[in-house]
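Here is what each chain is made of, one letter per residue.
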Amino acid sequence: MILPIEVLIALLVWGTLVGVDLVSLPQMMIARPLVAGTVAGAILGDIPTGLRLGVVFELLQYDILPVGAVRYPEYGPATVAAVATAHAAPGGEVLGLGLGALVGLVTALVGGVTINGLRRLNSRIVHAAAATLESGDPGALVRVHVGGLLRDGLRAALVTSVGLVLAWLARPLLAGALAVRDGRPALLLAAVVVAAGLAAGAAGTLRLVGTGPNLKWFAAGLGGGLLVAVWLR
Amino acid sequence: MAPLKGALGRALLRLFAVQGSYNYERMLGVGVGVAEEPLLRDLADGKYRPAVARGAHFFNSHPYLTGLAVGAAARAEHDGAPPDQIERLREALCGPLGSLGDRLVWAGWLPLLSGLTIAAIALGAGWFAVAGFLIVYNIGHVALRWWALNAGWTYGARVSVALHSPMLQKALALLGPAMAFAVGFALPLAARFLAVPFPRWGQLAAVVTAGLVFLALRWRSDRLNGLRMALGLSAVALVVGLIWQ
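Chains as they are written, first to last, in this note's numbering: chain A, 1 to 233; chain B, 1001 to 1245.
Chain A on its own, in the form it takes in the complex (with noise of 0.2 Å):
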């Protein structure tokens, strides 16, 4: 992956800003896939690749529900790091769908970790400050969020970088094996993934409709996209 600098640096500092949305502030869901992958592929002058990868982890992004303290990986970076692969990839649309999710798989991965990682370390630094935070100084208590809030940005940084890092490598390491015999195996990956996609979608939403009445809105929802998707071939 060969991109200019100036488009690293947007990119970095969108995977960052990214990131930092996804938890910390202001939570406004450009974080979500859909956006992150679109103004990802606005960077690279290539809005479709950005809007099929963000179709795609959107569709993952429906496995998790964020409550309480429960541990998920982190899409939003891993979107742009997908879009970077895939507009680099050589040999098609199919290709880069399918390197750029594993690329994005990966960097989603990571991210979940660091966000972990990065709680504890907190937790460590506010058990730490308990004393002056017990005192009610609002400079103290500024100050320990303020930190959070940098090393959350500092963390998202990071996991852009890897992704990055796994975009550029993507393609001498993988592309050419993957492009033998009419691109197949390519193929094979690009179907995986997105059955993977659909699958997770489909089973996550299903835990939020439960079995209630609203399970009959989405079986009609579902055969409604079914005829549209019958009707538009």
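No lab work stands behind these hints: they were computed from the structure. Every clue listed holds true.
To spell it out: a stretch of chain B is covered by chain A in this simulated footprint if at least three of its residues, at any positions, have a beta carbon under 8 Å from a beta carbon of chain A; those stretches are:
1. 1098-1108
2. 1191-1198
Derived pair list, reagent style DMTMM-like, types lysine to aspartate or glutamate, alpha-carbon separation capped at 25 Å:
3. 1047/B to 1087/B
4. 1047/B to 1091/B
5. 1005/B to 137/A
6. 1047/B to 134/A
7. 216/A to 1102/B
Glycine is no exception: its CB is placed at the ideal position from the N, C-alpha and C atoms.
Dock chain B against chain A, hints included.
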């Protein structure tokens, strides 16, 4: 008590970063203390610091509704409620605010708009759909945060009245079915959108694999998740692809 408009505005701004120092010891507590602090500044000298310290104790709920607890606790401090009553109020609000916010936002408003956006993209709306998602979602997001803070400040210790607001109950009743329909509608369209560049055998492989993965996720939801399945299947596909050379 006259509303402290400037202080409420500052508290609202700080609430956008309420999870900035999220940790397993106090969860959102430190962020809640930071958000509550502007509302406590006009307390008497001997009351201000203890109130700030209380504000930073353990707290966990949905981030968009945390303002309700911030406003209510600050108002109770101004009304001279005993410290243990304020602590009990905060503890009592954790569960209901978490549950309400999860149903309203994470399981309602967000997947509803996300599903509609996926469907719109699949039907050719492109980036306009994503821009629409961001704008509409955040109208609801900001309105909910502002309502929560205002309601907390208005009702103080009687904040449970706000939780039974007819507007909230109506929103909950509407969002569940709407979300279910929208995501159901989006799934087949997303499948078509993503599988368009695949040849026939690739589309068939995707459909069969999706069915099997769905069953696996339903069967072992305690151990499997979308990321693990996707990574595992990608590894298998890579190995098959490399052997295929």
